[in-house]
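Undergrad: Sequence:
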Amino acid sequence: MTIILFIIIFGIIVLSHEFGHFIVAKKNGIHVVEFAIGMGPTLLHLDRDGTRYSVKLLPFGGACMFEGEDALSAEKEEPAPYQEEKGGSYRGGSFPEASVWTRIATIFAGPFVNLLLGFLIALILVAYRGTDLPVIQMISEGSAAEEAGLMAGDVITRMNGEKIHVYREVRLNSMLNSDGKDFSISYLRDGTEYSVVLSPRYSEADDRYYIGLMGVGEYMPCRGFSIIRYGFYESEYVIRNTIKSLQMLVTGKLGKDDVSGPVGVASYVGETYETVKEYGFVTVLMTMLELVVILSINLGVMNLLPLPALDGGRLVFLLLEVIRGKPVPPEKEGFVHMAGLILFFLLMIFVMYNDIMRLIR
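Residue numbering for the sequence shown is 1 to 361, as defined by the working numbering.
Do not take every clue at face value.
Derived BS3-like pairs (lysine-lysine); straight-line CA-CA distance at most 30 Å [stated by the list, open to error]:
| # | residue 1 | residue 2 |
| --- | --- | --- |
| 1 | K26 | K244 |
| 2 | K163 | K253 |
| 3 | K181 | K253 |
| 4 | K253 | K277 |
| 5 | K27 | K326 |
| 6 | K163 | K181 |
| 7 | K26 | K332 |
| 8 | K244 | K163 |
| 9 | K56 | K26 |
| 10 | K27 | K332 |
| 11 | K277 | K181 |
Hint data in this document are derived by calculation from the structure and do not stem from the laboratory.
Turn these sequences into a full structure, and let the hints steer you where they fit.
TA: Below is the structure:
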């Protein structure tokens, strides 16, 4: 069941990402050489309208290859071009021949569809289970929060100037403050907004700082427009969580054991399924959809990072082309992306090894 659920979840996320690239390319006359789900040797393929649709052996990743995109697509065996109604062969134009804004839209579409998918599924989740308002439930005795005058029933509106919409953002910001620095909290009480500065207290037992807020927020069912509103906040929370997790990784607040690849994700999917399966099909479905939201938005954000071999790295070169008025020489761009791809695969090998070692410990 773990393998089945992982393939379904990963397949939905990868398919949506590559479909974003695919549909924008097709609509703008760019020839798609191959639309592939998975990596490695081809298990199944179908040639239609000049495009090869294929399923690969390994259920990790995917690809949407455009004509003339790089040396790999030029060397790849391509299906025969399809025939126009009036006769003659036609496959569409090559990627480099498209306008720079068309290429930007085509590359950006992949991560955008991942973010859109996350938002649409978040609407379903919010409509089903409601949301957690940032209302304080309990204050720990003798804590920084109690000393600052915070009380149960206060509605937190900002933390360090960052607007708060759901209680999970309160927990996230509290966790990020592991170095014990003072930070500000704004809150509503009886319709009036107040602001305080807290000095977190250190716990030797847990080796971390706490501000003293307890509980999980106030439950609110969502109906009508509030579904859209809190569906957006749900997506925004996952985006913030992803970005802040990356910041914590770079600054050393997170370590290698806090990063997971496909093996780690599959393991987590299995553990989650085992935890919730006794509560019935609907609970399992909603829990798996929640994982799709997290992973899809994660993929969207990660792919927009301005790093070689990622969509964000390709967008950097396209924006440079807009600024310069001419493209960066293909061989230079190709070298940068190839170096990034090699580093990316080395990182994936390391993460996969680390995931496996965690499983067998």
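Undergrad: Can you name, in rising order, the numbers of the hints this structure does not satisfy?
TA: 1, 4, 11
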